[in-house]
Structure formats: C-alpha cells, structure tokens
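Visitor: Position chain B against the provided structure of chain A, taking the given hints into account.
Line by line, the protein sequences give chains A and B.
Residues in the first sequence are numbered consecutively from 2, following our numbering.
Residues in the second sequence are numbered consecutively from 2, following our numbering.
Don't take every hint at face value.
If chains are identical, the list can't say which one is meant, so a pair holds when it fits in one copy or spans any two.
Dumping the calculated DMTMM-like pairs for lysine to aspartate or glutamate here, alpha-carbon to alpha-carbon at most 20 Å [what the hints assert, rightly or not]:
hint : residue 1 : residue 2
1    : Lys553    : Glu582
2    : Lys474    : Glu114
3    : Lys24     : Asp75
4    : Lys624    : Glu582
5    : Lys145    : Glu366
6    : Lys604    : Glu104
7    : Lys197    : Asp262
8    : Lys145    : Asp341
9    : Lys145    : Asp342
10   : Lys553    : Asp498
11   : Lys474    : Asp595
12   : Lys174    : Glu366
13   : Lys556    : Glu582
14   : Lys145    : Glu74
15   : Lys25     : Asp75
16   : Lys332    : Asp487
17   : Lys197    : Glu251
18   : Lys586    : Glu627
19   : Lys558    : Glu582
20   : Lys174    : Asp146
21   : Lys48     : Glu37
22   : Lys558    : Asp508
If you are wondering where the hints come from, they were derived from the structure by calculation, not from laboratory data.
In case you want the letters, here they are:
2 protein chains.
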Amino acid sequence: MNEYIKNGNRVTISELNLPDDLKKLSVQQCWYLCGEIRNMLINTVSKTGGHLSSNLGVVELTLSIHRNFNSPEDKIVWDVGHQAYVHKILTGRADMLSTLRQEGGISGFPKPEESPHDTFISGHSSTSLSVACGIAEAMRIQGKDNYTVAVIGDGAMTGGMVYEAMNNCCYMKSNMIVILNDNNMSISKSVGALEKYLTSLRNTEKYLDAKRRVEKNLTQIPVVGNKVAKGVKQAKDAIKSTILERNLFEDMGFVYLGPVDGHNLRDLDRTMRMAKSFHIPVFVHVKTVKGKGYLPAEKNPGEYHGISKFDIRTGNPEISAGDSYSTVFGKELLNLAKKDDRICAITAAMKYGTGLQYFGKELPERFYDVGIAEQHAVTFAGGLASMGQIPVFAVYSTFLQRAYDQLIHDIAIGRLHLVLGIDRAGIVGEDGETHQGMFDVPMLTSIPNTVIYSPSCYEELRQCLKKAIYKEKGLVAVRYPRGAEDVAFHKCSVCPDYDFICTGKSDTLIISYGRILNEAYKAQSLLSADGIDCDLLKLTKIFPLDDKIIGKITKYKTIAFFEESTGNGSISEKIGSLLMESHYKGNYSRISADGFIKQSSVKSALEKFGLTCNGIADYIRRKSVENGKT
Amino acid sequence: MNEYIKNGNRVTISELNLPDDLKKLSVQQCWYLCGEIRNMLINTVSKTGGHLSSNLGVVELTLSIHRNFNSPEDKIVWDVGHQAYVHKILTGRADMLSTLRQEGGISGFPKPEESPHDTFISGHSSTSLSVACGIAEAMRIQGKDNYTVAVIGDGAMTGGMVYEAMNNCCYMKSNMIVILNDNNMSISKSVGALEKYLTSLRNTEKYLDAKRRVEKNLTQIPVVGNKVAKGVKQAKDAIKSTILERNLFEDMGFVYLGPVDGHNLRDLDRTMRMAKSFHIPVFVHVKTVKGKGYLPAEKNPGEYHGISKFDIRTGNPEISAGDSYSTVFGKELLNLAKKDDRICAITAAMKYGTGLQYFGKELPERFYDVGIAEQHAVTFAGGLASMGQIPVFAVYSTFLQRAYDQLIHDIAIGRLHLVLGIDRAGIVGEDGETHQGMFDVPMLTSIPNTVIYSPSCYEELRQCLKKAIYKEKGLVAVRYPRGAEDVAFHKCSVCPDYDFICTGKSDTLIISYGRILNEAYKAQSLLSADGIDCDLLKLTKIFPLDDKIIGKITKYKTIAFFEESTGNGSISEKIGSLLMESHYKGNYSRISADGFIKQSSVKSALEKFGLTCNGIADYIRRKSVENGKT
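Isolated chain A (complex conformation):
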C-alpha cells in the first residue's frame, strides 16, 4: 500500500469525528486513512469472512463521497450493499468491524436500524436507482435541496430494474447522482452488451480528456450553482456536438461525467463537486480496481468476492475441499447433459455459487450466464423449452423471488418444462434477512401444477434432479440448502416420494423434509433413548403431496411437522388444512421458521426455531407430557 503514503500528517480513524472530519483532511491525510482502512478490511475479513475485493476497490470512492456530501442529510444508497464496509468504517462503526456478519454484530449490508447513515436496506441487486428516485422525489415534495447518491456496480447494471428507474429519472428535476463503480467485474465475469459497452466507454481516453478540458475552464469560474451548471452544460453540449458521440446514459437523459480514476482522490473530489453543480440527474462513471491494495485479491478478485476466513500472509482462503449441495448439483447436471443435448444450464451471475462452473467449462454452447437478470433467465428458459430443449435454471431461493410472475406467466400457464435448481433454500446464515431462502415454498406452491422436490442428502439430490428432468413435466423445482450434507438417516438409493421410518409401536408421527429431516431422524433416536417412540414421515416430493399420505397419517394420535420455511403457505399449513378437511381428530402442530431472520450462524438460527435434533426432541417430549395429562 506504499503508493498511497507520501507525506503530510498522519491521522487515524480513531482520532476523527466521522464522517464530518473527512471534509477537513488534506488529500495526503486521506491517503494515510485509505491505507489504514485497507488494513482494517484485510484484517477483519481474514477473520470474519465477507466481501473483500469489492470493498478494497471502493476505499477512495467512499472517502470522496463522504468528503463531498453531507450524510445523513444527503442520502447515500448502496446497491447490493456488500461494498458498504468502508462506508460503515467512515460513519462511526470502525470499532464494531470485528463483529461483522456475526450474530448481534454489524450487518454485512446497509441497515437503517444500525445507523442513520445507512439510508436503505440492500442485499439484492439493482435496486439503488429506484430507491434514489423515490428519495429524490420525496426531497422535492418536501422542499429539501439535499443530494441523493446511488452507488452501483457494473454487475448490478444488468438488472432490469436499473433500466426501469433510468427511464424515470430523466424527467425529475432533482439532485440525484448515480455513481457507477465500474470494476469490470461482477461476481463472475459477466458477458453481455452492457459490459462490452462499458468497456468501450472505459477506454474512451479522448472523452475523458475532453471532460478534463471542460473542467479546467470551469476552475476559473467561481462555483455558484445553477449558473455554472448551465455553463457546464453548454460547454458539454458544444464539445459533444463536435467531437463526442452521445452515449447510452445521455440517451437516457443523464448528464454523463467520466470515466474517472476511482483511486485518484483529487480527480474523484473534483468530479463529485462538478456532479453536484447540475441539479438534474447526473451519471458519474468511476473506474475502480477490485481488490485494490491487496495483491492476492487484485490478482484473483473473483475468489475474494465473498469469502471465508483466510491467511493474510499467503492469501490462501480456507476453501473447503469437500462437496456441497451446489457442487453435487452442478456435477450431476453436467453428467446428465453430456448424455442429453436437450439439457441447457442457466445462471443469473452465480456460476460458481450454484456449482455450474463444471457445466460452463465442458458444455459452453449450452451454458448461459445471463447476468443479474432472473426475470429474463426464466422467460429465456421458456423460449428454450418451447422448442423442446430442457432448461435448468440454478438460482438462489432468495433471488428467484424476482421471477415469480415469469414462472406463472411464461412457464406454468403454457405448461413448459423448466427445472429449477433452488440453491440456498432455507436459512443461509451470515448474510441475514435479505438473503434467507424462506419464501420459495409458498411462492411455488401457489403456482398451479408446480412440482417441488426437497432432497435430504447428496444422493437424493441427484435422484431428484433426474426425476425433475425425466419423470416430471411443467415447472419442477428441486430445493436444497446452502453448504454440505449432514446425513443422519440411512442413505436411500431409490428416493421414494415419501417414506415412513417406523418403530412399529408409536402413535406419534414427526413429519419433515430436506435438511431438517436429518435432525428429525436424530431426534427419533434421542427420544427412543428416553423411551419415547415416534415414527417419522420423510417427504422428498413435497408438492403436490401424494393423495395416499393423508390416509396413512390419520392413524396417529399426534402429528408434528418441522419445516425450514416461512410458515404461511408452507407444506405444514397445507397438511394442516388437509387433515382438517379429512376430519382428523388427533393433535396436529407445526414448527416453521417465521419472520425475517437476522444474521447468525445457520446452526444458531435453526436452534432458535427449534429445528435442530434437540429442539425437535424437546418439543416431542413436551407434547407427550401434555398428551399424557389429557
């Protein structure tokens, strides 16, 4: 990091009143701070895990934003939000950085309840322009003249919401500034028209030079608001009409400034000041280097995007060598696709996360990374399916929420065959509320004719995927949790749609599926050791339920359903209603994971909901006492 240290008095984060003091610092002092911030980031993330590369890339940019805007009166909206660590450091949370992403600690994403400087929740991509539009309009209505600044990465620019918002910005006469943090790198290298286009802009040195000349002329005029803005605009227009082509952002109604070197604080400060002078929507194009200042991350920013703990000296992340549900899914899909050229694989910018890297490498001609564009992904799959291909869309549960309408309108109504590999279904842990996969069950079961499988181990995942592709028709989902299998029950090679694991003498039945099934199985043993027998119904095809199931379970006196999903619209609710309609006279109860679930380890969250083996065993013990009493 020595390049950032030149001379001037060192200041440290702990000495400053943040973010206000940032405005008083010299550029040299800021350089020191940037070094300190980078050290904090590397030290912290090496211990807690988290998003490193993206934060190392925005150190100077974040500093410049807080030097030139007055948060929280000026509103800073971070898109996706995982690059807000520097923002958190600079708004008084440096000493809490070590608690990052941990239960009770600070969140890995902006969160208004955490700080007034965190304007809006984010975690999903491409929302910042819409949020900023709303805030800017509210300011206009309320007669405020503060600024609204949306900071968005080039990866997030592929989401359709950005375009919907851009279409609306242009007619707003507001102090809205969009900063494109262009690091030429979304989570996995994105392909697409926009990326290509940004690359062409990024390399427009002539354009930048022209802008610089405009700026230079301007430095001779005192900055007094609208008058200057008009001057700038006229100068801009004059230059544009002679030597510059209009670009896409100008076509969409923005004043475009850039590209600017995102690691040159003087240039950044100057551009921010200029952006503030227009009082109409401005688009600032900033070029940054992901991982800047930490060589291992600069060399391999993809690996350092969202990572586990790592060794600072060697830069080696603790990458788990073993398999996960994602890799098992990805490998099995590749196996099947090698033998069947109808199979196509689709991801929305999550090639590695969903285990599709194997497919992408071996069968690139049937592999599609569409960018952060879940809506398009589903309807694109519909197009493929209408021609007899078999598209498989691997997607995180939480991101599939973006495509609910497309699943209904473009897949289910026409009964097209689409297989969904729903990764990160259930509790995901440290990412918290915005990323939990709690809604796919109610979402999908509301769509007529949908089929859902929920395997409990790797082998079952493979079997379910095969069934989804070859046995079922229409919209078929296979949902599986984040991470590795933790198998307690005997591995099934046949994978029936449902299975009773019976003791032969019990009048109590536990129902479960997916990851929790293993906990239920362990609970069965724990209870048996206590002399409490209970049977277990293991669901694999969780929807629609086999007609025979209700008839088979009504013989039990007590039924308890344990489910890793939000409760409303869940399978346990459906079984509850079916039992009622079947005049079941026994005791039915259900445990689900309700509400928005904050960051913690997966284990801790499951414990809180009573969805671990001990939780399940305790619940059944209590029930048997209650039932014994009555």
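Guide: For chain B alone, kept in the frame of chain A given last:
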C-alpha cells in the same frame, strides 16, 4: 380507407390459403386485403369488445411479417399479445374472429394451443425479447437456420426485462429480429427517457435517408445472404462513422434499421428483406399510427385501446357512466391526498385502468406513472416511504406478481409503509389465463407482517383505504375486483375487521370475503327460504386474521369457506390449518378457484367454481343432507 385502394385485382381473405398465399400477392392486392382486415377488426370489436387501436395500427406490419417470414417454422413472438388479432386473421382464424375473447372462442392473446402460428403465450408486457432469445438459441443448438421475430410496442419497451434480454442478445449469433412497433403511445401516454429518446429517433429523417441510400445501393446487388450482409454492414459502418451517431440499440449490440413507415408496405417489405440478410440480432424500428384507418380511433387511440362494444357509425363506445371499484378507489385516494400532502400515487402505465386519472389531473406533483415497470414502482415507493411520504401503488393483481421480490426486499424487511390498491383481484373474465388476479393472496400472505383488506362494497373500499393509510403500518394491501359493486348485504358504515351475520339458531357457518361475500349473503337468504339456517362470517381484514376468530367459529358444527382466490396459500387454507391446530372437531370444507382460468364472462367462471349464490346454496344444501345422514 380509400387511401389503401388503388388498382389491381381484388382478393379476399376467404379465397386465400393463409399465411402462405400472402407471399404471392402484389402490393396492390395487399392494400385491398388491408382494407378488408380493417373492416373485420372494426366490425368484430364493435360487437365483442377488445383491443382495437393497436390492431388497426399493425395491419400492414403484420402482413409484411407474414409475407417475408415462414410461420410457423420462423417463429413470431408478439409482446403483450393484444395486437395479434391481425396475425390471427392471417393464420387461418378469420372465420373465428367473431368468437374473440368469448368462452370457447379464440383468445384475445396468442395461445399455442390455438394455433401452431402462436409461438408463445403472452398477455403481460416486455417478455418477447427473452422468449425470442430462448427460441433463437434453441434453433442454434438444433442446427436450424429459421428466423425468430419479436414484435414489441414502445409501451412495452419500458419493462426492465427488455433490457435484461437486450443485454443478452448481442452475443448470440442468431437470426433474431426485434421489430419495434413504435406508435408513440402506450395505454396511457407514457413519459420517460425512452419515449423521449424514441421520439428523437422517430424524427431522424436524415438517418432514414441515409439508410435509404444504403438500401438503394444494395438493390443493385443480388441478394445472396452472408456476402451481401457483410457489404451492408460495411456500408452502414462507413456511413455511421461519418454522418450518423450510434444509437442506444446499436450500443446494446443490435444492427439498427429504421425508422420505417409502418403503413407503407413496400418500405416494410424492403426492410424485412434487409433485416433477414444479417444473421445477427437486428432491431427494426417501425413507426405506426394507432387506430389507423378508423377515424374515431385515430383521433382518440387511448379510448379505443381496450374497449367494450361500440357503435361503428358514431364511434361511441358504450362507456359505463357509473362507478367501478377502480374509480371509487381513485376518487377516495384523491380526497385523502388533498388533505395530506404525504400521500403519493403511483401507477405502472395504468392510470385510467386503476382510476388514478383524477389524482393525476389534480395533484400531478405527487402522481407518478412510471411506465410498465412494476418492480421499479414498488422500490421507488420504498424510497418515498423511507422519507416519510405515504406512497399508494394502484396495480392490477396479475401485474403485481412482477414485484414480489421488491415487496419482500425493499418494503417488508424494512417495515416501510406502502399501501397497495390491488385492482382486478379475482376473476377478470375475457382476458383469460394471463390476466386473472388469483395469486395475490398467497403471494402477499407469504410476506411477514403484511396486512390485507378485502372490501365487499364501495363504502367499505373507502374505509379500508383509510385504514390502510392511517391505521396500519408496513405493507398493507386493499384488494378489490374488476367492475362495479353488486351489493347484497346491508351497507356497513363502520367496516369492522370481521362481522358475524347471524340467524341465532344455526350450527352451520359460511365464511367469505370480497365480492363473493355478497353471493354468500344472497345464499343465506335462499337457504333460509328452504328452511336451512346458516350464519355468515364476513371477513374484511382477511390477513392477519383476528386471534379471536378461531375461538368464535369452533362452536359451529359445519364450516364452509368460499373464496375467490387460488386455493393453495389462500385464507381458507390458513383457517383450515388453524382449526386443525385448535383441535376443532367439526366439518370444515373450502371452495376456491383453482388452476389457470380460461376466458369467459366473470359470471360464468364464478358459476363453474360454485362461487355464486346458487352455487353456495347448493353446496350447503348438500352438506346439510350429508351431515343429516351421519
């Protein structure tokens, strides 16, 4: 329509083998056909109702498409799909046009089950480019060299999916052609950067001239595929680099052709041939006049967008003078907003449909028509709400599906206060599967902390809207059906969250809400006349249910719930499960409207599901006989 008739032999639709014979016709013969088609459209829609203006605008364009492409081998994908009537006429369905949008007749939208020429279901906006991408890719995989043609209106271009798809088109080496049917007019006049931009392109006569010159040069070369395409491209590039600016569609990787006069068949045919020669994604910009050829519709295309029957001579549509749930909602919202400047109204291109025209006229500074952009609408509302405004988003139930993720991620997690006016909730009738409002209840109830009201009459709608704005917090929806109230029960001025309408001596309870509540009330009378007493539970706040309700209803021996929603995830399912968990020992049953519901009148659909007063009465009669037996 005389302008279209010049000379040449007349041919009529009925004489032709369609669509193949279209290729054999002279341009003059096509002119006659266009006249005949326009007459058919006007005559039919004057009797059946439907989309007139948009279809009158695409007569020549549709003809030219079928003259230059070979459907169904070449795939034509109609965006939104309500402009596909001409396509239906030209693909062998002219004699069925009189059955348009009626039960058992042809659909008002493309439907693959109706004809092999209907490539893909559509009804919602902005899907065609994604579908076409998928089809074009499948063709590539399958080694086919047919064309895929997406036809999209300028209104639909505001949807984010279009942009997600454009981002993906560019790297496809496929015969994909996007035709922009630019009539400068979405359903209500759209504002936004794109519309402004299209207008600027639309008026680029210089650009058109330049294109014409390229074309002229080309006519001297025989058209032999790739070689010529290369030549064209080089000529284009040369011209572009000297006199033409790149435009947005070229920035996104398309070859751009246009603008072309969409009523000049020679120009259209020439452009189609040119578009076919590139074998990479081409964007054809066609200017059309909505309502072309029928003066009342040309003068007032908005009124003739989707209309009821009308008088051909006077051109007067049978506009119902009375109120509807939509207008009552719109007027009440305006009343409230006049007294409270925190209230903002948002529509996604449905100002008239949702009754927001009153608000838009009187309070334009707090009224937002964001275009067909439901995702942006919700998150934009989130931005407004985060600043203390009270946004009210009026949206059709079916289109709200587009914003499921935004409701969760940008509203509910942060507990921001957004009021949804969910119009067209329940069965909508003639528009059929793609437009039914059957999924908002499961969708919204799956989101933690959501509140839903379902009024049964206008006065209750007003009360519910007030409660949603002033009594509730967070995400609050008021859902109401399409059309006018049909009140059977005594109008309630206080509008309690729930109410028992009791006979005092019955052990049977009917539960319902919304429009169906009135049917249940009528059924109560019908049954009473038969000597069958039953009580009625009227729900107005349908979610979350008041805790006391379950305790109050378990005293009944028989409970039947009638619900105008899909059954999975519905309120009746929730009550079923709650009753089960409360050890209710009586009989519970529920009637909902499941599956994808085809076009018909609303009445006919409700009858089919047994959700009319007679259906409800019959059901209860059967139940009482059954219960009498047991």
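Visitor: If the cutoff is 20 Å on CA atoms, where do Lys474 and Glu114 land: within, between, both or neither? Let me know, please.
Guide: Classified as between: cross-chain Cα gap 17 Å, same-chain 45 Å, threshold 20 Å.
Visitor: Under a CA distance limit of 20 Å, which applies to Lys604 and Glu104: within one copy, between copies, both, or neither?
Guide: Within one copy only: 11 Å inside, 54 Å across.
Visitor: Between Lys474 and Asp595, at a C-alpha cutoff of 20 Å, which is it: within one copy, between copies, both, or neither?
Guide: So Lys474 and Asp595 pass the 20 Å test across copies only (19 Å; inside, 31 Å).
Visitor: Can you tell me if Lys556 and Glu582 fall within 20 Å by alpha carbon in one copy, between copies, both or neither?
Guide: For Lys556 and Glu582, both the intra-copy (15 Å) and inter-copy (17 Å) Cα distances are at most 20 Å.
Visitor: State whether the alpha carbon distance between Lys174 and Glu366 is at most 20 Å within one copy, between copies, both, or neither.
Guide: Only across copies: Lys174 and Glu366 sit 12 Å apart there, 46 Å inside one copy, limit 20 Å.
Visitor: Cα distance capped at 20 Å. Does Lys586 pair with Glu627 within a copy, between copies, both, or neither?
Guide: both (16 Å within a copy, 19 Å between copies)
Visitor: What label fits Lys24 with Asp75 when the C-alpha limit is 20 Å: within, between, both, or neither?
Guide: within (14 Å within a copy, 62 Å between copies)
Visitor: Is it within a copy, between copies, both, or neither that the alpha carbon of Lys558 lies no farther than 20 Å from that of Glu582?
Guide: Both, since 17 Å and 13 Å are each at most 20 Å.
Visitor: Within a copy, between copies, both or neither: which one fits Lys197 and Glu251 at a CA-CA cutoff of 20 Å?
Guide: both (17 Å within a copy, 12 Å between copies)
Visitor: Can you give me the call for Lys145 and Asp342, within, between, both or neither, at a CA distance of at most 20 Å?
Guide: Between copies only: 15 Å across, 59 Å inside.
Visitor: Evaluate Lys197 and Asp262 at a C-alpha cut-off of 20 Å and name the case that applies: within, between, both or neither.
Guide: within (19 Å within a copy, 32 Å between copies)
Visitor: Should Lys332 paired with Asp487 be assigned to within, between, both, or neither, using CA atoms and 20 Å as the limit?
Guide: within (19 Å within a copy, 58 Å between copies)
Violated hints: none; the structure is consistent with every hint.
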